[in-house]
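Undergrad: Chains as they are written, first to last, in our numbering: chain A, 1 to 333; chain B, 1001 to 1362.
Think of the hints as simulated: they come from the structure by calculation, not from any bench. Any given hint could turn out to be false.
Said to hold, decoys possible - Lysine-lysine pairs mimicking DSSO-like chemistry, simulated, CA-CA at most 27 Å apart:
1. B/K1232 / B/K1264
2. B/K1289 / B/K1020
3. A/K203 / B/K1344
4. B/K1289 / A/K196
5. A/K41 / B/K1029
Stated by the list, open to error - Covered stretches of chain B, going by a simulated chain A footprint (3 or more residues, C-beta under 8 Å):
6. 1001-1008
7. 1104-1115
8. 1271-1282
Said to hold, decoys possible - Restraint ranges, calculated between C-beta atoms of paired labels, are given here:
9. B/Q1345 / A/E231: 39 to 45 Å
10. B/Y1265 / A/D38: 41 to 47 Å
11. B/I1127 / A/K206: 42 to 48 Å
12. A/I136 / B/I1127: 28 to 34 Å
13. B/A1210 / A/D38: 38 to 44 Å
14. A/R189 / B/W1338: 33 to 39 Å
15. B/P1117 / A/Y99: 41 to 47 Å
16. B/T1033 / A/R47: 54 to 60 Å
17. B/G1240 / A/D54: 21 to 27 Å
18. A/Y96 / B/V1354: 38 to 44 Å
19. B/E1335 / A/V7: 48 to 54 Å
Small disclaimer: the values here were computed from a predicted structure and weren't measured. Think of the CB as a built atom: it goes at the ideal place given N, C-alpha and C, for glycine as much as any other residue.
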Amino acid sequence: MESTTAVKKKTMTLVQAITDGMRTMLEEDERVLVLGEDVGKNGGVFRATDHLQDEFGEDRVMDTPLSEAGFIGAAIGMSVNGLRPVAEIQFLGFIYPAYEQIMTHASRLRSRTMGHYTVPMVIRAPYGAGVRAPEIHSDSTEAIFTHMPGLKVVCPASPSDAKGLLIAAIEDPDPVLYLEPMRCYRSSREEVAEGKYTVEIGKAKKVQEGEDVTVITWGAMVPVAAKAVKEMEVSGVSCELIDLRTLYPIDRNTIAESVQKTGRTVIVHEAHGTGGVGNDVLAVVNDTSFLYQKAPVERVTGFDSPVPFFGFEDEYLPTPARVKNAIEKVIKF
Amino acid sequence: MENDFPIKMWIDVNGNVQEKEYQEVVTEKRARTFYQQLIRIRTFDRKGISLQRQGRIGTYAPFEGQEASQVGSALALEANDWMFPSYRDHGATMTFGHSLKNILLFWNGRNEGCIPPAGKNIFPPGIPIATQLPHAVGAAFAEKRKGTKNAAIVYFGDGATSEGDFHEGLNMASVFEAPVVFFNQNNGYAISVPMEKQMNTKTIAQKALAYDMPGVRVDGNDVFAVYAETLKALDRARNGKGPTLIEAVTWRYGAHTTADDPTKYRDQKESDRRREETDPVLRVERLMKNQGWFDEQWAEEVKNQAAHEVDASVAEMESFPPADPNDIFDHVFAEPTWQLEEQKQQYFEAKKGVAVWNQQQQ
C-alpha cells in the first residue's frame, strides 16, 4: 500500500531521490535533523545531502566528528529526547565501530524499557560492490543487521522507492537501517513524485510478472537479475522478479504467493552466502510453500570470502550469467 | 600533572570544614539531607547484597563506599535534568527520584526496573562500558536545540575511560558544546584491574585537557565537595559553556558484583582501613558532631526510616506480578512483526501442549 498526497513528478536518479526525501522531511518536521561525516558543506561523499545545509542551517544538517560510535550513540540520545535524527554512515563497511551502539542500544531500548524509551532514528548507509572503490568500501553485510532484534532494514532499488522508503523510515517509530545501493545511485532515472509519500516498510515489489520461475532479490542486484530475466525470455522462460525492498521484516505473503504460483525459486544477493538474508527468504519458501516447489531453491550469492579488492569484484558479484545458470538449473531439475 | 589536578576537599576526614567560605554551603540543613540520603542508599545497597545471598534477586552490583559521589552529584541536579547511570549508580538514581521497587526489579531480572517514575529523565543502567556517554551528549544536545536550561549527567567508572566511547563522547560534547557533565567515579579498580594497569596517567581529570574542557578532581567521599563541584559544572552547562569532566576519587569496599571475590586481586584490609578513615557517611557524621548538629536519636530515626523504606520496597518487589511472557514479544517494535507474532503464537501453543502433557501424566 502506498500513500501519497503528491501529484507532480520529476525525473531523478536514486541519490537525488534520497536527497529529495530528506529535504521533504526536513521541511515537514522540525524534529528531523541530518548528521554525519561531511554531510554539511561537502554534501556527503556521494552528495546525498547536497545543499541541505545551505537550505536548513548547521543546526539541522550537522557535520560530526569522524566518530561513528559517537554520533550514532548521540543520535540515540537525540531520538530519546524528541528529535528524529537521520545519520549518514559513509559506507556500510565503516559502520562497525557503531555496531555496539546499534546492537546494544538503538535496537533494544524499546524492549528494555517496555516502550518507555524509543529510538525513532534512521541510519543511512551506502553498501555494495561494483564501483571500483578501495577495499572495505564495498561491504554488503545487511545480514548482521537483520539479525538484530528491534531494527528494521530496508534497501530500495529504484529512485521512487528510495524516496518513499526513506520517508517511511524517518516516520517509523523504531530504528531503521536504510541501505543504499551505491552502484545504482546514478545508473538510472525515473519519475519521482514531488512532496511527501511513503512506501510501506515490509512490502516487497513485483518488478515483473512471470509464470515459470520466481527470482527474489534486492538493492543493486535488482538490475542484474532483471537483465537475466529478460534474457531468459528469449528461451521462452517466463520469470517473476521480486524486489524485496525490506530485508526485515521480509514480505512473506508476496514471496509465498509467487513461489506457490511458479514452483521454482532463485534467490540472488551480493552478500556472502553463509548467513545471508537469502537464507531467511529460503526459510519463508520452506515454511509456506515447501510442497509447491518443483526444484530445490537456488541461491546466487557472493562468496564466503571478504569482498575482494576491486580487481576481482566483477568475479565476486553475481552476474546476469550466473543468475541465468541458476534459472536454467531450477527449470531443468 | 597530578599537581595540576589537586583533589578538592571541603570536609577533611576528621569532619573539619576546609575553608571559611565553604561555611555558607555547609549548613546544618544540607548536612542532614546528605546524611539522610547517604544512609538511605547504604541501607538499600546492603539489602541488595543480602537479597542476592538469599536468592531473592539475581547478581547485584554494590556501591558501598561510593555513596558521597552518588548522593552529592545527584542532589546537584534540577528536576528536569537527564541522568545516564551505569550499573553501579542506583545510589544516584534513587537519590534523583527513581523508584526503589523498580531498581530491585531490575536486579531481579525484570524490564520494569528500567522504567523511571513519570516525568523523571533517568536512562536504564548502562551495561556495556562507556556506551552511555554518547547518549548523554545526544540528549543534552537535544535540550540545547529546544532552548531549555536542562543538562545531562552521565556516570561511569575508571575502566570506562579506556573505551573509545569515552573519548568519542567527550570529543562530541566539546565540539557541540553540549550541556553535559561527565561524572567519573574512580574507585581504583575495573573489576580486578587496578588504575595503574588501566592507564598511565595519574589522574582521569587530566584527560579533559585533550577536549578543551575543565577537568576537576574531587574527593569522592566528601559529599559536600562533590555536590559543589557538580553544581558548578551543571551551572556551566546550563549557561552555554559546555561540558565538564569530574573525577570523583573514591573506593568500592566490596566486590564488583556478588559474582566476584575481591580477595583474589586485592587486600581487603585496605577496605577495612578506609571504612575507619575515609568513609563518606562517617565524614558527615564527624562534621555534624564537630558542628554540634549531630543528634543520636535523630540519626537512629534516619536509619529506621531508611530500613523501613527499603523493606517496604522489597515487599513491593516481591509482591509484584510475575513476568508476563507476552512482554518478550510485544515491545520489540511499536507493532510486532509477523515473525514475532508467529513466534509468540508458537510459544503459547507449545506451553499449552506442555500443560496438556503434564495433565496426562498425572
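Undergrad: Would you say the C-beta atoms of B/G1240 and A/D54 sit inside 21 to 27 Å of each other?
TA: This hint holds: roughly 25 Å between Cβ atoms.
Undergrad: Decide if the proposed pair is consistent with the structure: B/K1289 and B/K1020, CA atoms, cutoff 27 Å inclusive.
TA: At roughly 18 Å apart (the allowed maximum being 27 Å), B/K1020 and B/K1289 satisfy the hint.
Undergrad: Take a quick look at whether A/K203 and B/K1344 sit within 27 Å of each other, Cα to Cα.
TA: 22 Å, holds
Undergrad: Starting from B/K1232, check that the Cα of B/K1264 is at most 27 Å away, please.
TA: 39 Å, violated
Undergrad: Indicate whether the distance between the beta carbons of A/I136 and B/I1127 respects the range 28 to 34 Å.
TA: 29 Å, holds
Undergrad: Confirm or reject the coverage of the region 1001-1008 of chain B by chain A under the rule of 3 or more residues with a beta carbon closer than 8 Å to the chain's beta carbons.
TA: violated (count 0)
Undergrad: Can the restraint linking A/K41 and B/K1029 be considered satisfied, given a maximum Cα separation of 27 Å?
TA: Cα-Cα ~54 Å, so violated.
Undergrad: At the C-beta level, are B/Y1265 and A/D38 separated by a distance inside 41 to 47 Å?
TA: Because 46 Å falls inside the window, the suggested range holds.
Undergrad: Would you mind confirming whether the straight-line C-alpha gap from B/K1289 to A/K196 stays at or under 27 Å?
TA: Answer violated: B/K1289 to A/K196 is near 69 Å, above 27 Å.
Undergrad: Mind checking the hinted window 42 to 48 Å against the Cβ distance between B/I1127 and A/K206?
TA: 44 Å, holds
Undergrad: Quick check: does the Cβ-Cβ distance between B/P1117 and A/Y99 fall within 41 to 47 Å?
TA: 33 Å Cβ-Cβ, so the 41 to 47 Å window is violated.
Undergrad: 48 to 54 Å was suggested as the range; check whether the CB atoms of B/E1335 and A/V7 agree with it.
TA: 30 Å, violated
Against the hints set out earlier in the document, violations occur for numbers 1, 4, 5, 6, 8, 13, 15 and 19.
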